[in-house]
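J.: So you can see what is in the structure, the chains are spelled out below.
2 protein chains.
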Amino acid sequence: MRFVRALNTCAFSLRRRVISTHFLHCSLLKPYIGAHHFSVSGTMAAVADEDSLRRALAQKQSSIDVQGGAVRQLKSSGAAKLDIEAAVQSLNALKLEKASIESQLQAALAGAAGGGSSSASRDAFRQAVVNTLERRLFYIPSFKIYRGVAGLYDYGPPGCSVKSNVLAFWRQHFVLEENMLEVDCPCVTPEVVLKASGHVEKFTDLMVKDEKTGTCYRADHLLKDFCKEKLEKDFSLSAEKAAELKHILAVLDDLSAEQLGAKIKEYGITAPDTKNPLSDPYPFNLMFQTSIGPSGVSPGYMRPETAQGIFVNFRDLYYYNGNKLPFAAAQIGQAFRNEVICLSFQLRITISFCTSFVPIVLDLVMLCVLISPRQGLLRVREFTLAEIEHFVDPQDKSHSKFSDVAKLEFLMFPRDDQVSGQCAKNLQLGEAVSRGIVNNETLGYFIGRVYLFLTRLGIDKDRLRFRQHLANEMAHYAADCWDAEIESSYGWIECVGIADRSAYDLRAHSEKSSVALVAQEKFSEPREVEKLVITPIKKELGLAFKGNQKMVTEALEAMEEKVAMEMKADLESKGEVEFHVCTIGKNVTIKKNMVSISKEIKKEHQRVFTPSVIEPSFGIGRIIYCLYEHSFYTRPSKAGDEQLNVFSFPPLVAPIKCTVFPLVQNQKYEEVAKLISKSLTAAGISHKIDLTGTSIGKRYARTDELGVPFAITVDSTSSVTVRERDSKDQVRIDVEKVASVVREVTDGLSSWADVLKMYPLHSSETAEE
Amino acid sequence: MRFVRALNTCAFSLRRRVISTHFLHCSLLKPYIGAHHFSVSGTMAAVADEDSLRRALAQKQSSIDVQGGAVRQLKSSGAAKLDIEAAVQSLNALKLEKASIESQLQAALAGAAGGGSSSASRDAFRQAVVNTLERRLFYIPSFKIYRGVAGLYDYGPPGCSVKSNVLAFWRQHFVLEENMLEVDCPCVTPEVVLKASGHVEKFTDLMVKDEKTGTCYRADHLLKDFCKEKLEKDFSLSAEKAAELKHILAVLDDLSAEQLGAKIKEYGITAPDTKNPLSDPYPFNLMFQTSIGPSGVSPGYMRPETAQGIFVNFRDLYYYNGNKLPFAAAQIGQAFRNEVICLSFQLRITISFCTSFVPIVLDLVMLCVLISPRQGLLRVREFTLAEIEHFVDPQDKSHSKFSDVAKLEFLMFPRDDQVSGQCAKNLQLGEAVSRGIVNNETLGYFIGRVYLFLTRLGIDKDRLRFRQHLANEMAHYAADCWDAEIESSYGWIECVGIADRSAYDLRAHSEKSSVALVAQEKFSEPREVEKLVITPIKKELGLAFKGNQKMVTEALEAMEEKVAMEMKADLESKGEVEFHVCTIGKNVTIKKNMVSISKEIKKEHQRVFTPSVIEPSFGIGRIIYCLYEHSFYTRPSKAGDEQLNVFSFPPLVAPIKCTVFPLVQNQKYEEVAKLISKSLTAAGISHKIDLTGTSIGKRYARTDELGVPFAITVDSTSSVTVRERDSKDQVRIDVEKVASVVREVTDGLSSWADVLKMYPLHSSETAEE
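Chains A and B, in that order, give the protein sequences. Count along the first sequence from 1, add 27, and you get the number used in the working numbering. Count along the second sequence from 1, add 27, and you get the number used in the working numbering.
Since the hints were derived computationally from the structure, they do not count as laboratory data. Take these hints with a grain of salt, some might be off.
Copies of the same chain are indistinguishable here, so a pair counts whether it falls within one copy or spans any two.
What the hints assert, rightly or not - Here are the simulated lysine to any residue pairs, SDA-like style, with alpha carbons at most 25 Å apart:
| no. | residue 1 | residue 2 |
| --- | --- | --- |
| 1 | K566 | E581 |
| 2 | K764 | S778 |
| 3 | K171 | A543 |
| 4 | K108 | Q94 |
| 5 | K171 | G225 |
| 6 | K260 | P304 |
| 7 | K229 | A451 |
| 8 | K351 | E698 |
| 9 | K764 | A710 |
| 10 | K222 | I611 |
| 11 | K705 | R770 |
| 12 | K222 | G323 |
| 13 | K171 | Q361 |
| 14 | K705 | S778 |
| 15 | K715 | D343 |
| 16 | K229 | G323 |
| 17 | K292 | Y309 |
| 18 | K488 | G448 |
| 19 | K715 | N350 |
| 20 | K549 | K725 |
| 21 | K125 | E271 |
| 22 | K595 | E581 |
| 23 | K725 | N350 |
All of these numbers come straight from a predicted model, not from anything done at the bench.
Work out the full structure: start from the sequences and follow the hints.
T.: See the structure below:
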């Protein structure tokens, strides 16, 4: 999980200091799914097992120690040979029992971590997928000829095509369907915007440095690795110690720099590569910094998300929408995060390349790609986000189209179920909203739409769940937050975040820019409203707080009604009250003569309010990667001598919809193939024509590996065969009709089943494989 | 024109030092179209006029001086009153004649600059377009609530939609049609890549600093402004001085830092806002710099173009294409250039906002947007590029589909015509290639495809020309280069560059990365080839050149055949020869015993070569801006009391294809409208439903301003009227059919003329305006 430091929200004083990983508008694309989610969900039995096994192991060890002592005693006292042998036998029996418990523990640990399939088989599966992806240029490590840069990948031709298909469908499914206002803002962002959003101050990872070489590591990663390794490999660990390490893993994201540093010291953790001592943890901002213009005095950053571009435009967009709520704005674009990508333990191999200190570090960074960093394609420094900001009246979060999705039923994982150790379960969306599990209809509507989006792309619905954020994951201002998580060989990966962020973002920019980002509701007739009036008495405050007067005044004015009324009561009863002013970081004493608090009745003609925002945020690269894993399978070749790779992409996302090849090299067939190719181009169907004369079987294998759903083989001049990738069924279709049939199936206007009904099945004499 | 410094290509020694603005891979998006193109093209008569007028003016002035002297003489010598009066009369007559010549000169200058329509009317037209664009949120100055950042703009909803339509059509027209390999590479780029391409060293503007305030200006802009102002407003300028200033404008791009600095000193040019003295010119790199990773030792840049991402992937892409040439790769993406955006003369107004030095500068930079920098929307710091790299065998630049475009005829502006002062003229593309005006078929093919692309988008073909680069514009290695220039209110704007860049880019990366970026042609049988063999004698070179030996050796080995054979002949005849080694920046003397040069016959089984690359590079934002200008017109409202704005976008690019509104507010009509809206969504047609009940005329005016081509008015429950934007023709179509009719027209499957033939014209009783 993204290690983001606490927010001490100063905007609204008297709020408690909230240690939250998610105060920022950047919850998406957390590098890790926290270990505690795994251990909590569905592995309670394993945990109980592990605990009793560790206890049994400790007991057995102490029996061994006792018996070992007895043997030594017998030997040194010159006891009878038989007695000694009997004692040694008992000792060996105890050791055997210990070994058996150890292997039970090992199995229990593997079971808890693997959740079913073994870690080795998951790794092998992933390797097969990634090999195919790289060989067929779905991905290319960026700047490969210069040995690459960790965390940067190119989309090669088929990958690029899949990506643009996914984005086109996203536009159709969200922007067009919901009449959203799409905008396109620059990546270069001036500092002031990201100061308002909190990123300049808080969007950091805690780092430690190798005190001798200067190499940087993420402090939480080192601590996490240490704990996991201990838990997995140290069988002498006591149950208590194991519980402590597990607790650390569970609260890892909430640890302060001081706490992290203390644990690293306590456990004696050193730099993984050199065993050198480590520095204290210090924050490292994850944004790529730059400078705008030639003077060097205008700092800027590459945006870490696209949403801020929408928020700063709220006023114009609201006007564009006829000053009406609700409406949604959307943006697709690049986002940048200067992730710290650890090198694990392969570092030393690179040192031979280097001659002096600086080149060493450079080489290390560049070699990361080749030595497979954690979570490879999921952990990147530049990625495409697609974000929606749906602005809504906080007093009415109903959604007019909710009934369209209310009947959907899919895996949901509410907060309470996570805490009580249950599994994700199938819930009907309408029920989840009506029972209050999902906070409101609009949030529910988007959860449903996201479910439809992902499953239509080809994500397996059984490996997709919507997980609600735990209380400590969520920002204090957020009303509710759900992640669409997709299961992959890396575990459950957060791919879409759907959050009700209340009015936080608009308020932050209103304050910093002094431009009111608000909506109005005009009343048909004026209403009487009871208004809170807080009047700080500046003279008294000035006398009491001097230089801090302004901060105290602002904090008083910003009090919410409940807090203010409590203060009023306290001032009346006690004459003074302690008041926390977070902008100066301490409590001050407010006296009765320093502030007047009252309620007044006013007539109002309209209600002015800051809209709430509900934000579905899509990590496009992650969705695509999971789609690759869900689409990948192998099947034996006809001869049975090798496994052939297939990507079962639906036509919607397939990079190439169709291949065309003549059965044999022959001018007439080639002409027909070219003719069909021309009609496919005219119909806007991406396809590939293959005149190489390779065997049909090989050509099918090649295109299956690219996930091409249909193959047209020209084996006559009047009609051709069309083969579907997964069933390998073939039908005969007339030359003139084939392009339009393929178009209809790939555009989703008909299905392959429809085609099978319309056209005669072709019994393959043309020996496919 | 982009002010890029000279390239002293060290890769291939003995090349002459080339002062070129275009050595770099960044010719596109030159901020200015050089003044000399204007003055050269078609304004020779005006120039001649101007020259003789200036001479006449100088003559007249000297006559006035003489006559003035005479008058003073008469007065001081106490001549007769009548004589004095006569002399004064002559003097006044001369002054009148001078005034008349001055106004002729003024007119001649205006004619030369304006090229037809007056500068004032062009400004007014532009203002009308830009006002409409900003009011309807086609554009929004980025981060507007924070007072914006110069050179950064958002695409608002309709602009964003136009942009994605343009990009979708680009993909269809180029990538799909030509089976190009599209890739998608990151914006963050490590330094090594941009060192190889030359950007780190050479992608600079020359800046001068106000020596007191530190404000930066582009040196060439200041000199240019000075010369233009002098030429336009100083009538006392001698013809010789005028010629000198014009010469400076013509060679502005080729001036070195020293030359620029000398001219600025000579003319006494000071900071425009403060009149403070200026520093010497110094280079400012235009790339946004950043740092990759936490250690701070890995510098990176935001890419200034997308092409490098393709070049570094050449090897993989060539393999993906079955090791066959030619093939093209394409990329659409953001590019970044930290342009220096001048503030002209409005600076002082901002100083009141500021309290200390640093905030002043910040405020200035931020206010640029509001005070309308030069070329506004055309001069940006982040923009979308669409680039194609077509790799081809340098020995065969024919193109199999050239015949498809050979018959096209459009405005071309070959180098020779520019130099000889002629205008662009209509040429048939096939003829231009066969006559050798365009270097080769492949280059010609892309020129034709670009012409089709731009005109199908809606660019007026009479305001589109293809201008060949002059010799001093082109990089020394380029074979030929043409710009698609579109005429706008700013003059002719370079929107697409189409260059044959030979093997330069692949060679640069081959050298830097030590990875061979080459193609092979396998011979059916081995061929005997005469090969140049250059063998430097290292011992002798070492003795002669010591530390420089390596550089001299490399320069010798890199000689091209012609150069080497000349050296061989010289060494044989004279025993020694002068040889320029650009890596050490001087000539050295090579003696006969230092190198052996010979030709040998070898048997070869294949030819290994670096492919040439032909590169069409599209500035998407500029194309869109010009499209706005070409599409904009006004027409009187029905009452004739105001001018209504219309964008006549073709359906292909229109941001919204269709609006739907009930004629009157009425539940039945609203239901029909919603039904139609639903079918339009299903058909993927972006549209807007308007239930506000505003008058039909107003609603049409609103949608015309967004360039919506069709409006459906629901005035019955069985059939509706469909109105075409430009003709205002209306037809009646059945409710069930209307969505598919609109889809066919917007998809380009039929035209409005077809619709008029199919459906009855509706005589508008529904009083449109």
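J.: Indicate, hint by hint, whether the structure satisfies it.
T.: Hint check results:
In this assembly of identical chains, K566 and E581 lie within 25 Å of each other by CA distance solely inside one copy; the values are 14 Å within and 80 Å between copies. For the homomeric pair K764 and S778, the shortest alpha-carbon distances inside one copy (16 Å) and between copies (24 Å) are both at most 25 Å. Only between protomers do K171 and A543 lie at most 25 Å apart by alpha-carbon distance; the minimum there is 13 Å, versus 48 Å within a single protomer. Taking the closest pair of Cα atoms, K108 and Q94 come within 25 Å of each other only inside a single copy of the chain (16 Å); across copies the shortest separation is 145 Å, beyond that limit.
In this homomeric assembly, K171 and G225 come within 25 Å of each other (Cα to Cα) only across copies, at 19 Å, whereas the closest approach inside a single copy is 35 Å. In the homo-oligomer, the alpha carbons of K260 and P304 lie at most 25 Å apart inside one protomer (23 Å), although the nearest pairing across protomers, at 72 Å, exceeds that limit. For the homomeric pair K229 and A451, neither the shortest alpha-carbon distance inside one copy (32 Å) nor that between copies (58 Å) is at most 25 Å. Proximity of K351 to E698 under the C-alpha cut-off of 25 Å is restricted to the inter-copy arrangement: shortest distance 21 Å between copies versus 58 Å within a copy.
For a Cα distance limit of 25 Å, the shortest separation of K764 from A710 qualifies both inside one copy, at 12 Å, and across copies, at 22 Å. Proximity of K222 to I611 under the C-alpha cut-off of 25 Å is restricted to the intra-copy arrangement: shortest distance 18 Å within a copy versus 48 Å between copies. For the identical chains of this complex, K705 and R770 are neighbours both inside a copy (13 Å) and across copies (22 Å), given an alpha-carbon limit of 25 Å. Both within a single protomer and between protomers do K222 and G323 lie at most 25 Å apart by alpha-carbon distance, with minima of 18 Å and 22 Å respectively.
Within a single copy, K171 and Q361 get their C-alpha atoms as close as 21 Å, and across copies as close as 21 Å, so both meet the 25 Å cut-off. In this homomeric assembly, K705 and S778 come within 25 Å of each other (Cα to Cα) both inside a single copy, at 23 Å, and across copies, at 22 Å. With identical chains, the CA atoms of K715 and D343 are at most 25 Å apart between copies only, with a shortest distance of 18 Å across copies and 45 Å within one. Proximity of K229 and G323 under a CA criterion of 25 Å is satisfied in both settings, with 23 Å inside one chain copy and 19 Å between copies.
For a Cα distance limit of 25 Å, the shortest separation of K292 from Y309 inside one copy, 15 Å, qualifies, whereas the shortest one across copies, 51 Å, does not. Taking the shortest Cα distances, K488 and G448 sit within 25 Å of each other inside one copy (22 Å), while across copies they are farther apart (69 Å). Proximity of K715 and N350 under a CA criterion of 25 Å is satisfied inter-copy only: 16 Å between copies versus 49 Å inside one chain copy. For the identical chains of this complex, K549 and K725 are inter-copy neighbours only, at 23 Å across copies versus 69 Å inside a copy, given an alpha-carbon limit of 25 Å.
Proximity of K125 and E271 under a CA criterion of 25 Å is satisfied intra-copy only: 23 Å inside one chain copy versus 98 Å between copies. Proximity of K595 to E581 under the C-alpha cut-off of 25 Å is restricted to the intra-copy arrangement: shortest distance 17 Å within a copy versus 85 Å between copies. For the identical chains of this complex, K725 and N350 are inter-copy neighbours only, at 18 Å across copies versus 60 Å inside a copy, given an alpha-carbon limit of 25 Å.
In the structure shown, a violation is registered for the earlier hint numbered 7 alone.
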